[in-house]
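Colleague: Sequence:
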Amino acid sequence: MMRRILAVLSAIILSGMAAGKADAYVYRHSAGLEIGNLFAFDYRYRFTEHSAVDAAIGVVNPFCPSYQFLLVSTAYHYNFRTGVDRLYPYVGGGLSAGTRFGHWNEAFRTRISFFMSVDIPVGVEYRMKRKPVVFCLEWSPKLQFLTDLRFVPQSVALGVRFILPQM
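With our numbering as the guide, the letters of the sequence shown map in order to residues 5 to 171.
The set of hints was computed from the structure by calculation and includes no laboratory data.
Hints may be right or wrong, so weigh each one.
To be verified - Quick list of simulated restraints, FRET-style, between CB atoms:
(1) M120 <-> W143: 33 to 43 Å
(2) T151 <-> R90: 13 to 23 Å
(3) L153 <-> D89: 13 to 23 Å
(4) L147 <-> L74: 33 to 43 Å
(5) E53 <-> F139: 16 to 26 Å
(6) L162 <-> D89: 34 to 44 Å
(7) E53 <-> D152: 37 to 47 Å
(8) C68 <-> K133: 36 to 46 Å
(9) P145 <-> E53: 36 to 46 Å
(10) P93 <-> Y71: 29 to 39 Å
Keep in mind that this is a model prediction, so the values were computed, not measured.
Just so you know, even glycine gets a beta-carbon here, dropped at the ideal spot from N, CA and C.
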C-alpha cells in the first residue's frame, strides 16, 4: 500500500516537473496534495477561468490517534478576479462521503460508520509565475447529514498542486 502511494506521488511530481512549459496563467488540469485537517490527493479541472471542479480522496484527522475518516469529496469552485496577478479567491459547493476507522472504542471500531456531507469550500489559490505550481489555502466547512446531523467547521488545509500538461 505504501509503495503504491509513493508511486502515485512520484508520478505527480514528475509530471509536474515535465510540465515546466505549462502556462502558469491558464491551466486545465492540476494535481497535488492537501494537508491540514484533511490529508488528501487533490485533482482540479478548470472549465474556464472562473469555474473549476475539484476532487479529493484522503484521510480526515490524519494526526488524531483515536480515529480517522476516509473521505472522498468533489466540489464546484467559482474563481474571482482580484487586482493581484495569479491570485484567485474562490467559493463553491460540493459533497463528501466517508467512513470512520481506527476508533479507540471497540464498539465504534467494529461498527460500519458511513457519512455524507454538504461542503462549502472557501479558499484562495496562488499560481507561481513561470512555474507549473499552484498553492492553495482552503476552509471547507461541512454539514453532515447522513448518520448524524452536525456542523463540522474545522476543515482547513494547505495545498500544493502541479499543473499538468494539456491532454
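Colleague: So which of those numbered hints doesn't the model satisfy?
Modeller: Numbers 1, 2, 3, 4, 6, 9, in rising order.
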